[in-house]
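Engineer: These are the residues of each chain, in order.
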Amino acid sequence: MQTGPTLATHTQDLEAILGSAQPDQHQLDALMRAFYEVISFEEESAPDWDTMASLFSKHARITRVTPEATDHMELSDFKNMVEELLEVGAVTSFFEREIARRTDRFGNVIHAASAYETRVSPTAVDFIERGVNSLQLIREDGSWKIVSLCWDSDAPFSLSAWQSTMQGGGNGAN
Amino acid sequence: MARTERFRFSHTRQIDSAYRYVSAAVDAGVIMRSAESGSGRFVSLDGDRLLNFGSCSYMALEARPELRDAAHRAIDDYGTQFHFSRAYVQCPLYLELEALLEQMTGRPVVVAASTSLGHMAALPVLIRDGDFVIIDQFAHASLHSAVKLIPGVSLEILRHNRMDQLDALLTRLRDHKGHVWYLADGLYSMLGDCAPWADLKDLLDRHDKLRLYIDDAHATSCFGKHGRGLALEHFGGDERVVVALSLNKAFSAAGGVIAVSSREMADRIRRCGGPMLFSGPIQPPMLGAAVGSARLHTSSEFPRLQAELHDRIAQCVALVGQRDLQLAGIQHTPIFQTQCDSPRVVFNVAKLMQERGFLCCICVFPAVPMNRPGIRFTISRHNHHGDIIAFVDALEECLALGRHQAILQPEAESYATVGAE
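Going down the list, the sequences are from chains B and L.
Quick note on numbering: the first sequence equals residues 1 to 174 in our numbering.
Quick note on numbering: the second sequence equals residues 1001 to 1421 in our numbering.
Check each hint, because a few of them may be wrong.
[Said to hold, decoys possible] Some chain B residues near chain L, calculated using beta-carbon distances under 8 Å: (1) P67; (2) E68; (3) D77; (4) N80; (5) E87; (6) G89; (7) A90; (8) T92; (9) V120; (10) A124.
[To be verified] Residues of chain B clear of chain L, computed beta-carbon distances all greater than 12 Å: (11) Q25; (12) K58; (13) R61; (14) R105; (15) F106.
No lab work stands behind these hints, which were simulated from the structure alone.
Beta carbons are placed, not taken as given, at the ideal position from N, Cα and C, and that holds for glycine.
Same shape as in the complex, but just chain L (with noise of 0.2 Å):
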């Protein structure tokens, strides 16, 4: 597993070939678009009103009276913008945040500008000297920037979701002097697959060095109690697990938190976490935003609303289940990935569906491996049952369609030009 000669590309060359490979999809008008109008149940594309197949607002929150007014409540007292570093002083929303992110956690918080500057803050200060860090390949990718902000770290990156390459490396590991931290998502954005919990509890029980920081971000509110996610659900009383959790996407606010296991954890990365000393805070209508929600969260009606997007779920899985669509892999998450065999094919099914009246999103590298280009599909609490039936038959259509597309189309001619020099 450990290599001792690493081939690297450069970082130039990486953001090079990234932005020819992001520019590609760009050109192809599939990705980097801006809305006329819309973010709900519909969303208006080059003048079309598409049904939202793509949204991240998974408990579709964000136009709820309780969230709006909250905000509007924050404008009318302290204005857009509360203008002190953090470091000195903090606007009081914060203080009422994390109480009730304290209640819906059930642990000490630290809330962060984003989860990216939570992860940023929090893993410096975790990850002590002489430990040893195993990233998930496909965790998020701001998990992998936040690690090589360590200096001299020992990483390690795991492929996919591969618990037994785990199991080796901590046995490998055992004599390890410090702690072996493993980093990875909850539900993984793009393929909409989870961490495998069952086997990540083995490993806990077995390897007394086993660390955990899970990434959340896409579990936040959509799973657990009072929305506190996956992991909080399966590792809430282990203190050896730390979950950062999005209070963007289904939470429908703004900013991150850490969940730590005690009070000295969370002052250690208030107090020295860099982007909590130098980045700016979640501004007054966010924050206010982000106390309405979160108070929705702990009361008695939100059990409710993840049971509304949890049986749009389950409709949507078995209409799957039922059609040939190459999905990824189908587990009960809002996020869906149906396999294509080219990005050819990707862009003409996303062009496709449009022309049909849905947004659904493209992934292809770098978002996900070359060799597994994609549709990625989302259901929330936006989507009627008769939207998801007539998403579910346009894309077997789609599906079809672009493949047949794909075959017909023309190859690059450039090289008849070359070669008749």
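Just chain B, with the same shape it has in the complex (with noise of 0.2 Å):
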């Protein structure tokens, strides 16, 4: 669990943030940051559930998609998936982060396509395998909230073919 001081103050400060009516380039950043902070985790550790929650609408859906089945989750159901990855020991440590980005925006309405890649550790030369997290933002309570996460697993996935389609609304990850 990342609770470092980067990420408390990070996370301190993207309630006021996210309280904002008028999504600038700022808030998205600090909200796309803090979810890859929350899902990532060291050895014995594990995601930091409560400011994971705190990033998600109560009423939003998590869809993984793999070769084998498609896994239509909420957050808590997510978090059983997680758990049961660690005690088989699937996986002890996590990270992830974005490498690129294309947003659109329609009213209240956000879509983040996120460019990830996964890394044994935060200072591994290689990745382990990138993709695409496609995200849903929704205005709910004054805040920006993620209502839909979804991304398939084992697509083949180029950066520069991605990014060299990208047009306008594209902008390069932090």
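Put the complex together from the two separate chains, hints included.
Structural biologist: This is the structure in structure tokens:
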């Protein structure tokens, strides 16, 4: 669980930032940074579930597509899945970060296609896998919240090819 | 620790995803390969004669005359098969083998056709109604499989070697009516680390309901008096500890051994442990080899052979300690694992090592966690001192080169097609 000063400061600021009705680049960056920070965790630890819940709408759905099946989850199901993976030792730590993003806003709805990569550690020179998290954000109770997270864990993905298709709404990750 | 709600992947989905991950390694040409010759110091693969750093025959006994001659004699006496169910009539070599193994372990023993079948026979007999089972998450797959055979068993999976969590669970279960079994490996086959013996001793001292069942397959022969392994070396006199040994691997024969604390317990497993009744026996050639190996283990020569292995392990430990090999942890065991940044790097390194004339093994999910891909190598008496120096030199070079290659490798390009639509 990453509870160091950076995240603590960041998450304290997050509520104020996301409370604004007009999301700007800074607000979206803060939300996405917090999202990747809370799902990442060191050995002997686990995701920061409380902070993660604060980023999601209580109506949020999480959908994971794999070659074998599709998981349709609420946040509590996602927590149970991660805890199962931790218990059986399928993963013992997890580091994921954003490497590129394209966004569209339609009033009180934002769609963010967030390219990610996972690594065995923050300092690893190679990544384990890359893909795209598809997130929908809505205004809820005065804040921007994630209402849907969806990704295909096994989709072939080329960052350079994806970036070459970006037009207008695309923007690089921080 | 305990959870009321669980997310369970279906059985078929687990099989299908395992097939996908294993197939990736098969397609990369780094597992499930067929040798062309050799299984000692050298092994031939793809036309390459490779120095062998992937063997489980740590003691290098498989070609010794004591084992070969005993196997030949067994064929001469009984043929290639002793054609009875062991429930009816067993080959007389079993009696000779069990007597030697009892001398080796200092305990009553049950011999099974494999260690996995030994677990399947012993655990449902040992673990009674009302007992609670705790199993290390990295305990051998055969232990996880065997414990699932016990109907209705209360089961908790423990994070690897987390004795603080085990202590907390035992404290929570203090008033539990039955025994609390902790199932673990003595020497873990992927990471090369050991069960925390001192901590387990402390827990046995403080929790009277605790029982241990240790799979010591990879420590058999390499460690302890007469090669009885690490668990019996630490807990040989403790009747609360049951130990499984392997007659494969460093023992260089076939079969598994359950070393128990009483003749009555051995009889119960022999008489009602499922595979002891319905599974086939060890056939005469390998029974003969096992008898020959057991005689060697109890001979005055065996400590010298063990010392030769440990001399090589010490040499390797000293060498890897001087290098940047990102080892999972250095313990004085024949198993080493270097951690890599990705399966891509692992596959690159394995292939580069083969190009330089060395065989080592990959370890990727599901054999290890997704975030711990690595190269596993082993030290055996087959390895000459010069071989070990050359291997460590090559590994350091190939790890750096394999990382560099992975960075330069092109990404999957499929997205370009999808994105253009």
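Engineer: Now tell me, hint by hint, if it's right for this structure.
Structural biologist: Right, here's what the structure says about each hint:
no. : hint : verdict
1   : P67  : 6 Å, holds
2   : E68  : 4 Å, holds
3   : D77  : 6 Å, holds
4   : N80  : 4 Å, holds
5   : E87  : 5 Å, holds
6   : G89  : 4 Å, holds
7   : A90  : 6 Å, holds
8   : T92  : 5 Å, holds
9   : V120 : 5 Å, holds
10  : A124 : 4 Å, holds
11  : Q25  : 24 Å, holds
12  : K58  : 18 Å, holds
13  : R61  : 15 Å, holds
14  : R105 : 21 Å, holds
15  : F106 : 22 Å, holds
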